[in-house]
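Student: The residues making up each chain are set out below.
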Amino acid sequence: MINNDAHLSEKLFADDIPQVPTRNGYGEGIVLAGEENPNVVALCADLTDSTRVDAFKKKFPERFIQMGVAEQNMATVAAGLGVTGKIPFISSYATFSPGRNWEQIRTTICYNDANVKIAGHHTGVSVGPDGATHQATEDIAIMRALPNMRVIVPCDAIEARKATMAAAHIWGPIYLRFAREKTPVFTTEETPFAPGRAQILWESKKPEVLIVGCGPLLYEALCAAHDLEKEKIGSIVVNCHTVKPLDERVIVDLAQRTGAVVTVEEHQVAGGLGGAVAEALARHKPTPIEFVGMRDTFGESGTPQKLLEKYGMGAKYIIAAVHKVYKRKK
Amino acid sequence: MDLLHEKTLHFLELTANRLREDVIRMVSGAGSGHIAGPLDIADIMAAMYFYVLRHDPKNPHLPERDRLVLSCGHYCPVLYAALARAGYFHIDELKTLRTLDSRLQGHPHRNALPGIETTSGPLGSGISQAAGIALAAHLDRNGSTTSARSGQASSPRGKYRVYCIASDGEHQEGNTWEGIMFAAKQNLSNLTVIVDRNNIQIDGFTERVMPLEPFSAKYESFGWHVVEVDGHNIPAFIGAIAEAHAIFEKPTVIIAHTIAGKGVSFMERDYTWHSKPFKEGEADTAIKELKESRERMVVNHENKD
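Chains as they are written, first to last, in my numbering: chain C, 1 to 330; chain R, 1 to 305.
By construction, these hints were calculated from the structure, which means they are not laboratory data.
Not one of these hints is a red herring.
The calculated lysine-lysine pairs, modelled on DSS-like cross-linking and capped at a C-alpha distance of 27 Å, are:
| id | chain 1 | residue 1 | chain 2 | residue 2 |
| --- | --- | --- | --- | --- |
| 1 | C | K244 | C | K285 |
| 2 | R | K185 | C | K59 |
| 3 | C | K57 | R | K250 |
Isolated chain C, as found in the complex:
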């Protein structure tokens, strides 16, 4: 059953649910953050349009800094701005930032504790035809391992806007993860968003499995929960938008209640949300767990739908994972 407190879209399971890429929410969010605080500045490495920084550039041309194709310099210049009272948002494809410039982020942003926000775009295989070079599937892992870094993965365009604005309010390094493709907008303006707080989106009367997800695949998780209900398998679906710091209390609590867990992400299972949840459960409450995500492999060119199908990340695979973990419970 849909959790009414989450105020999800009325069109949640309708065919005409509006579809918008999460990167659009980022574009709107930085403009709003820029209006709120004149210290917000935007840096971009020659991808202004596709990372949706163009609206900020138009509105605040003096606060937009074009870096050219130089992600290492973008991170280090942002570190300098961040220790001098500015709130820089740096934007590129995640394979380049925070991929290529990881050491600069480690030393000059995290260890320095500089107030820099890193927006990684074109994440997951659903980037599509550009192929594996441009499909970031390791970015959560490499950001999550860094001390002082927080990691937020918005599930739709509305949450992306809220997360971007929240990042401007929170002091310190934050990684924000966005996707290229249009995906269902299933939250609403009324849906609460609190960084660091996992949120129940779906809760059956007798839940037997906990599904923890982040990013646009959460929609698939909700579809899976909806179908499982027909099979009389009750579940809880949690939006774990903040992968770090993980809301351990809520996740461990719900894992204890259900006795089985499935994690869902468009990212490598190793080191991602699945890894984070498994670490927390191993420490507090060992629970059978199955992982939906990339399994130690690169993506390839193709349409987003076909790629998600080939790499096993749609609702049908979430249901299969639920069946598998359900059996392990007994």
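Got chain C; can you put chain R on it based on the hints?
Tutor: Just chain R now, kept in the frame of chain C:
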């Protein structure tokens, strides 16, 4: 900048000599650390912390302070010595270099110690960080950003200057040239880079490991104003700083030609002293030589009077 008074010069030269002795004591006491670079930059460090920089050691977070970014973080023993002698912390703390719970980390950490502007160690990221700090001043001067809380500019209208000390070897890093290109594009005239051109790096002489020449031509072609000086001639270096202040349309680089290991005869020009542990008696010999030079400086100065 005022003309350098004879007495001021004498004080700066004595200070540089003392910084060298501090470096030998610190690194030999720690049992590890870098030596040649910190010794050869000592004259410039003395000039910066005791003459050029507008700063207040008792108020290290003063918004309008000049910033000195040490890009080559491994030079930090001489930075720590200069900060201590300038009054940022007690000089006894220098003995804690590289030990557990010390604020004097093996490579400088911004949040560990007042006076450290940025964390550094991995080479090639200092010029970009300094450019970011200089850009923040430009943004404020142009009135584009003010602090939301007070309505005041978050940095004082671009009144401060940013200096970055970089090694020559770190110009083999791509990030360095990305920063150089960026600072020129943004016309960051409040940024002055000081390159310690000592010609050595860990594996040997720079021109054999990976040639940097024609070095000044590279900077010029990237749109910088270039000044070359003898990095051990304090008046010439201060003159170069004054020249950098007079250039308002682009950033300036001061290529300071130095002798690696300067001040200790058996270390000079020997790249193996980039970083190596002292053998028995070597530190004492080096300190004795530095004390003798100091005594000669005092006698020469008194004779002039």
